[in-house]
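Work out the full structure: start from the sequences and follow the hints.
In the order they appear, the protein sequences are chains C and D.
Residues 4 to 309 in our numbering are what the first sequence lists, from first letter to last.
Residues 1449 to 1746 in our numbering are what the second sequence lists, from first letter to last.
Please keep in mind that the hints were generated in silico from the structure rather than gathered at the bench.
Every residue, glycine too, gets a C-beta built ideally from N, C-alpha and C.
Just so you know, nobody snuck in bad clues.
Computed Cβ-Cβ distance ranges for the label pairs, DEER-style:
no.	chain 1	residue 1	chain 2	residue 2	range
1	D	V1496	C	C13	41 to 51 Å
2	D	A1513	C	D67	28 to 38 Å
3	D	I1463	C	Q135	44 to 54 Å
4	C	F69	D	I1463	31 to 41 Å
5	C	F69	D	I1624	50 to 60 Å
6	D	E1741	C	S24	23 to 33 Å
7	C	D153	D	Y1637	51 to 61 Å
8	D	R1666	C	G65	28 to 38 Å
Cross-link-like lysine to aspartate or glutamate pairs, in silico, DMTMM-like; alpha carbons within 20 Å at most:
no.	chain 1	residue 1	chain 2	residue 2
9	C	K103	D	E1511
10	D	K1503	C	E96
11	C	K103	D	D1600
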Amino acid sequence: MIQADHLSKCYGDTLAVDDLSFWVGEGEIVGLLGPNGAGKSTTMRILTCFLPATSGTASVAGHDVFTESVAVRRIVGYLPENVPLYSEMRVREYLSYRAKIKGVGRRERTAKIGSAMARCDIGGVAHRVIGQLSKGYRQRVGLADCLIHDPRVLILDEPTVGLDPNQIIAVRSLIKDLSHERTVLLSTHYLGEVEAVCERFLIINEGRLAIEGRLDELRDDTHVELAAVGPVDESRKSLVAIAGVTTVTAEPTGDGGAAYHIGTRSGSDVRQVVFDKMVAGGWKICELHTACRSLEDLFVQVTKDA
Amino acid sequence: MTGRARQLIAVAGLIAVPAGAVLVAVGFGYESRVVLLVGAVAVVLGCVVGLFSTKVPPLLGRELAAYFQSPIAYVTATVFLVLAGVFFFSSLERYSMLSEKGQAVPGEVMGGMLWPVMVTMIFICPLITMRLLSEEVRSGTIEVLMTAPVTDFEVIISKFLAGLVFYAYLLGMTLIHVLVVWRVGNPDYGPIITMYLGLLLLGAMFLSVGLFVSAFTRNQIVASVVTFVLLMILFMIDGASGYVGGAVKDVCGFVSLYRQSDTFYKGMVDSRHVVYSLSFTGAMLFLTVRAVESRKWR
Ligand SMILES: Nc1ncnc2c1ncn2[C@@H]1O[C@H](COP(=O)(O)OP(=O)(O)OP(=O)(O)O)[C@@H](O)[C@H]1O
Ligand SMILES: [Mg+2]
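In structure tokens, the structure reads:
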């Protein structure tokens, strides 16, 4: 649905996006992650036809973003980073104006404005002047604008920034709801958000794709964490011997024992065997649990050593 | 509006414009005012109808609402009315000293108003156009505007038309001066009508320059000052013709907006001047569209 091929973008001398290629399939919901200045917003601006790429091509639903820009803009709903809005307009007036320029027919306009306002919970401020709304409400007006023409593709740049915790939950479930019939690309700095709503993630760093993956793969990538008191070398050897264990690393702790990180083959739960081994050796277990690889660890790992 | 109705309207507009243009040419050749007028009306109506089939009406609506919701509009209107009023009454006074009461007020008096109103517009037009594009860039709303399914041309033409409507609104308020002359005398309406036509054409040129300048800066003050300087140069380039000779002199004289307008208040419509203003405005709007596109390359 969204395809980027070797995109690069220079602002004068600064290279903001550097040979970036990725795709987002139809109906997928994908998180675009990266440290500040990584080029997330720039990538989204290219995909929404606001800026042309310096080199490379991109397409949305088969339409090239440069040569068929109006066709792309018709099917994309875009929420820019700082949600710029006309501050002198009233909420309903603004949405009605946006619906008109996005080509929503007169007959369905009222219904669509109503449903977008209801979805973003802004019915209460319909007649307020946008410039006087709080940040969170402005964010929600921007989101309503983004949904008003029933776009097949949503590109959201940090959609939950500035919302209160209740609203964050509401917007996440809204995005999740929407993703049933739509393709969503969202950028965010809240990794929890990606874990909660996305199927796939792309991490970019300094304009380049650092890693991409699926969240369920990340969840399957489990290991066992063990803290036990006893001779380190000996316990390590007996742990490695367990069937299904791939790697064991030990880090000595102050109490004469160690914290073990036990990598396992996917699908095998070795906790009971580990327990038995420890008991057989007469060593004391302080902690034993499975854990999956967190997105946070991965993010730090790929964006630090670059 | 359904897509089909939209298309039909667009086709009607597309037919009306060239048909009207042909009529204008025929009317011009055979010196038939009626044919010429019908042709001109057809061209204008064709353009309006054609624009209605695009995204221009909602865009224009927003621009106009923005004008009338901002205090600058009212300050601008006040300044304009005060200046135009003062100039008008001084020229009326001058005339009344020369004539006896009850005599016909020649169009020249109204025509004499053209010059001060025109000079006032050099100050007023930069105020009208300064926010058009600068403000969108400064507040970042250009990003939501340009990622909506509208073309750059639709955006620029809407902004230009909004400026022109506001300009016409200011100009319309000077009709009260015509009313005064009508009460005290018996004016010749020919020059009055051509004067307003001349002022409209001149305003279109001024506004297109202002819109072009506002595409380059996010600062409204810079936009208005640069526009003002450019308009001054365009207006007075005529003065330079005293220092140069030959073809340059002729070009300076013809390009000068001051010279452009002086036939109108004598009650004449010089077709060269009409063509000049329209093509000048068209060229500026085209350059503005290009300037907005160039934002993408910087
Ligand atoms: N208009 C601009 N002119 C010049 N450089 C720019 C411009 N916009 C962005 N940049 C540069 O491009 C790089 C990428 O910026 P971008 O806004 O895409 O980052 P980001 O990933 O969205 O960051 P953040 O997480 O802070 O939103 C940065 O180095 C930034 O300084
Ligand atoms: Mg950003």
